[in-house]
Amino acid sequence: MALTAADVARLGELARIRLTDEELARLAPQLDVILQSVARVTEVAGADVPPTSHALPLTNVFREDVVTPSLARDAVLAAAPAVEDGRFRVPRILAEDA
Amino acid sequence: MSADLLDFDEALAAYDPVLGLEVHVELNTASKMFCGCANAFGGEPNTQTCPVCLGLPGSLPVVNGKAIESAIRIGLALNCSIASWCRFARKNYFYPDMTKDFQTSQYDEPIAHDGWIDLEVDGETYRIEIERAHMEEDAGKLVHAGGSSGRIGDAEYSLVDYNRAGTPLVEIVTRPITGTGAKAPQVAKAYVSFLRDLMLSLGVSDVRMEQGSLRCDANVSLMPKGATQFGLRTETKNVNSLRSVERALTYEIQRQAALLSSGGRVHQETRHWHEEGYTTPGRSKEQAEDYRYFPEPDLVPVAPPREWVEQLRGTLPELPNVRRERLQAAWGYTDLEMQDAVNAGALDVIEATVSAGATPQSARKWWLTELARRANEAGVDLAALAITPAQVAEVQALVDAGTVNDKLARQVIDGVLAGEGSPADVVAARGLAVVSDDGALSAAVDAAIAANPDVAARIRDGKLQAAGALIGAVMKDMRGQADAGRVRELILQKLG
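Chains A and B are the protein sequences, given in the same order.
Under our numbering, think of the first position of the first sequence as 1, with each following residue one higher.
Under our numbering, think of the first position of the second sequence as 99, with each following residue one higher.
Calculated directly from the structure, the hints in this document are not laboratory data.
Quick caveat, the model's predicted, so the values are computed rather than measured.
There could be a bad hint or two in this list.
Chain A stretches covered by chain B per the calculated footprint, using a threshold of three residues with CB under 8 Å from any CB of chain B [as the list claims (entries may be wrong)]:
| # | region |
| --- | --- |
| 1 | 38 to 49 |
| 2 | 54 to 66 |
| 3 | 83 to 92 |
Ideal placement from N, C-alpha and C gives every residue a C-beta, glycine not left out.
With these hints in hand, go ahead and build the complete structure from the sequences.
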């Protein structure tokens, strides 16, 4: 199943990446090659091999519930494009009400 | 702002409501879900953040074991199965309340699933099925600024505080709740109230709805009476009190019924509850959200060993409703007395006072009148008063032994609250013991008779009820510390 330009456009939308028509035309076949290569792995793996989500064979890595120092607020806000009242100032959010 | 509403009774005559409730519980761990920043409400903005909860590149989350423990205990208390293996997942979305552009949550592998609870509302029992309880992190907090109303539609920009980002949450989701009819809003309220009490007894959350540590999203749809196919639903957010749960659902049922009965259709959407008593539309849910969930690669799977789960099962407290029934039977309280005790949050202190030797009725009397008044004046919980249940039992024992009367007992309580020591210490230090020594009483009675010759004459004539006036005089003379029973005996002896 080939990846279409429309699929890539939708992914771009979801990832908030604006793509031109030329980019869509160029990227769709490239991404398709990647997907096909990964699909080859699925063919090799038997039904008894579950999909891998983690490279490490570990479970239950927990931390003690202990408070550690936070960053100084000045440092936190230093890289913000805009700051007001100790908070990050962000553009008005349209069409959503959270 | 109010939409057309159908009368509630008419709405319920024509339609059956179907409920679905999603409750978010903020856990009261000391630190956040994936980092060591303090998990505390009300700090100065952006003072409880670090590279992990700010989502800075290269930072790595590590799961707070205590949060997992709390989530498992919540699941067990809701009669859920606990997953033997589950993963966290990234829920991708773009909104400035999340620095990472995804929320670490759980998707198709919740830590707890397939549970139930039984709720009693007006003598009817409703079985609420729990679909899942999963772990996730809370988002930051936005303040919309620059507009006239403070509402987002008018805002020119928003200000973000990430102190709350990364706070551990457990989201509890019911299966569709049918068959509640006109009781739907009450059942929903009772459910949230049940969860609040349960979380308190588990000790896993502060569950302060006004601070957002317990939040409810209320879904409701209507279907024509007798139908089995659910209607389109709305999800009402911003429901921040128990009363609002009931009001918001009542409103949505009336609003949806008005739409349906006039031939319209319900839009499947998120709506916002306003305390003034109405909902407004938010984000449309017509197009299914695409969050592109995938397993969180930075966190290894959680596989709670069975022995651990069973050990946690052993730590579960008695369920609040079970405990109430047990205590009411043991104490012989009426429904009203029990309700008062529950509302005052007095069950623990009454129970401790009773086990320290007081009768259930005397324990109730002290905690719900005298001590409730003082707690109220001080703006604190009963348990925070500077008097212990054992001391309250001791005060009552002093009353029962005739050492003090009720009036003096209140002064004893004053003394204990003022830090003057135990009730016995206060009685000794303040000289509060009732005087039943005949010498002192006899002199006081003689003085009262001499000062009130007309009253004394009436008693001599057999009008024994007049003795009250003399007893009052003696009590006044002895600053309330006379043994009233003994005084009466002496008066009648002298004048009889």
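> Which numbered hints are broken by the structure, listed smallest first?
Replying inline: Per hint list: single violation, 1.
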